[in-house]
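Line by line, the protein sequences give chains U and C. Once you know that position 166 of the first sequence is 166 in this note's numbering, the rest is easy, because the numbers rise by one and skip nothing. Once you know that position 86 of the second sequence is 86 in this note's numbering, the rest is easy, because the numbers rise by one and skip nothing.
No wet-lab data here; the hints were simulated from the structure. Heads up, none of these hints are tricks.
Straight line, CA to CA, 25 Å or less: simulated DMTMM-like cross-link-like pairs of lysine to aspartate or glutamate:
| # | chain 1 | residue 1 | chain 2 | residue 2 |
| --- | --- | --- | --- | --- |
| 1 | C | Lys127 | U | Glu34 |
| 2 | U | Lys37 | C | Asp167 |
| 3 | C | Lys139 | U | Glu21 |
| 4 | C | Lys67 | U | Asp114 |
| 5 | C | Lys271 | U | Glu150 |
| 6 | C | Lys275 | U | Glu150 |
| 7 | U | Lys37 | C | Asp191 |
| 8 | U | Lys26 | C | Asp167 |
| 9 | C | Lys116 | U | Asp114 |
| 10 | U | Lys181 | C | Glu35 |
| 11 | C | Lys139 | U | Glu34 |
| 12 | C | Lys192 | U | Glu21 |
| 13 | U | Lys37 | C | Glu147 |
| 14 | U | Lys37 | C | Asp179 |
| 15 | C | Lys67 | U | Asp110 |
| 16 | C | Lys55 | C | Asp83 |
| 17 | C | Lys116 | U | Asp110 |
| 18 | U | Lys37 | C | Glu143 |
| 19 | U | Lys181 | C | Glu38 |
| 20 | C | Lys111 | U | Asp110 |
| 21 | C | Lys237 | U | Glu190 |
| 22 | U | Lys26 | C | Glu143 |
| 23 | U | Lys194 | C | Asp191 |
| 24 | C | Lys272 | U | Glu150 |
| 25 | C | Lys55 | C | Glu103 |
| 26 | U | Lys194 | C | Glu38 |
| 27 | U | Lys37 | C | Glu156 |
| 28 | C | Lys192 | U | Glu34 |
| 29 | C | Lys111 | U | Asp114 |
| 30 | C | Lys164 | U | Glu21 |
| 31 | U | Lys194 | C | Asp179 |
| 32 | U | Lys26 | C | Asp191 |
These figures come from a predicted structure and were not determined experimentally.
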Amino acid sequence: MKRKIPLIITFVVGVVLIFAEFIPHKPFGLISGELEKWYLIIAGFAIILGQLNLFKVNLFKIRYKQQNWQYFILTLVSFSVMVLCGIFWGTQNNPGVFGNGAAIATAMGDKPFDYLFLNVYQHLSATMFSLLAFFIASAAYRAFIARTTESNLLLAAAILVMLGNTSMGSILTGWLPESLKFLHLPRISEFIMKYPNTAGQRAIMIGAGLGIIGSSLRIILGIERSYLGGK
Amino acid sequence: MATAKRKQLDRRWLFLLLFVGVALPLIFVIGFPIETTENVRMVYNLVENTPPNSKVILSFDYDPGSKPELHPMAKAMMQHCFDRDIKVIVTALWPMGVQMAEEIFSDIQSKNPDVKYGIDYVNLGFKSGGIVTIQSMGKQFREVFPEDMNGTSIDEFPIMDGIKNFDNLSFVCSFSAGDPGIKQWVQVTHDKFNRPVTGGVTGVSAPSILPYVNAQQQLTGLLAGLKAAAEYELLSKVPGTATSGMDAQSIAHLIIIIFIVIGNINFRRDKKAEKRGE
Numbered sequence: 001m002k003r004k005i006p007l008i009i010t011f012v013v014g015v016v017l018i019f020a021e022f023i024p025h026k027p028f029g030l031i032s033g034e035l036e037k038w039y040l041i042i043a044g045f046a047i048i049l050g051q052l053n054l055f056k057v058n059l060f061k062i063r064y065k066q067q068n069w070q071y072f073i074l075t076l077v078s079f080s081v082m083v084l085c086g087i088f089w090g091t092q093n094n095p096g097v098f099g100n101g102a103a104i105a106t107a108m109g110d111k112p113f114d115y116l117f118l119n120v121y122q123h124l125s126a127t128m129f130s131l132l133a134f135f136i137a138s139a140a141y142r143a144f145i146a147r148t149t150e151s152n153l154l155l156a157a158a159i160l161v162m163l164g165n166t167s168m169g170s171i172l173t174g175w176l177p178e179s180l181k182f183l184h185l186p187r188i189s190e191f192i193m194k195y196p197n198t199a200g201q202r203a204i205m206i207g208a209g210l211g212i213i214g215s216s217l218r219i220i221l222g223i224e225r226s227y228l229g230g231k
Numbered sequence: 001m002a003t004a005k006r007k008q009l010d011r012r013w014l015f016l017l018l019f020v021g022v023a024l025p026l027i028f029v030i031g032f033p034i035e036t037t038e039n040v041r042m043v044y045n046l047v048e049n050t051p052p053n054s055k056v057i058l059s060f061d062y063d064p065g066s067k068p069e070l071h072p073m074a075k076a077m078m079q080h081c082f083d084r085d086i087k088v089i090v091t092a093l094w095p096m097g098v099q100m101a102e103e104i105f106s107d108i109q110s111k112n113p114d115v116k117y118g119i120d121y122v123n124l125g126f127k128s129g130g131i132v133t134i135q136s137m138g139k140q141f142r143e144v145f146p147e148d149m150n151g152t153s154i155d156e157f158p159i160m161d162g163i164k165n166f167d168n169l170s171f172v173c174s175f176s177a178g179d180p181g182i183k184q185w186v187q188v189t190h191d192k193f194n195r196p197v198t199g200g201v202t203g204v205s206a207p208s209i210l211p212y213v214n215a216q217q218q219l220t221g222l223l224a225g226l227k228a229a230a231e232y233e234l235l236s237k238v239p240g241t242a243t244s245g246m247d248a249q250s251i252a253h254l255i256i257i258i259f260i261v262i263g264n265i266n267f268r269r270d271k272k273a274e275k276r277g278e
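Generate the whole structure from the sequences, applying the supplied hints.
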């Protein structure tokens, strides 16, 4: 029974939503509208669930002193500080439990939550993203080697797109006469992105779409049951 | 041994060169030429051809991690909308998107105090749920967003008068760093509710979004990466951080290409040496 009821709910909801997609009238339209509201409420709770899970997983790692357990303390402290700052003094125009914390805001220049967000989180986040540039450069130097015909093609396409996507492309081939403008690097780059890339991407998207339909049907029909937990 | 040594150039040299190559053009702006592309012109023309007093949604679906790439284009687009007297309704499918939009609005408002909150602009805040949220907005906008980000009822804002669903909007624009984002806006707002959708994405995710720019106009143009942001700034004649950032990006790409060439030369030399039996 414990497994049958969720399977029945999944089947009924799945079938109703498929019908609603093709027949958006009563009663299917109404039911799907109601189910969408339910989903939004559940999605809101999922955030709280995620936060609780973050605590649980990190506490577990600290308790059993797993590798680099000290870093998990830092995660929990950072998380708690941000949450408490938000609860106590609020964010931007929203007051917290202790009001707007005018004295603290005057001293810091912003409310504590906003101060940490603007001066710590934003910069750390941007730094993490920026580090990618260094890793990409290093990886490109090591991996972009013309070993085979395929890798030759990849290498040539990558260099043309890279050049075309910067001002260098315009400088290098900007002098070409009108009759040879099709060799202008930004145009070649645009061509590669528009045709070969799009063709490949569409094939991937169609494949992924069919995969999603297949796995959704398996879930609706109760063949795939891993979401219920257990074996 | 000689072969192995030649292959393993200390990557710290590459990092140092890249750092200098990016930092110097940001300090001393070179001003490399920027050419506009068709996809960016399509986005620009969409805003240009939207009648004044129309209402549009700008969805901020990114966080500070993608700020360097997406923020300049979002700022240029919002500024362009205000210049054309287009009313901007902001939503966010990512929690941090709310602050991203507020940052841009405060910056624009500090230079142009005529732009008023609630009349020309409103920030409805973050809503979880991704594609389902968009689907619900298309049917019952006011139920999904009954209040703005500060908890004020949307009925109090003149900008929200008459907004019931996507039919009351001219277009939707998503600045997207992943899921949920532009893909979901296309799949629902264009494909289901038949409203124009446009947007901006990071350079790295552009190849997977480009197929939506097609004859059916699932996407009306696309701003892909910092270059597109610089092109948009050029078209709207308001140079910003993207224009100056393009110098740094161009140099960085050039350095990477030079190192790819060096890597390949080393590989060829090693192969020849191997053949000779060295």
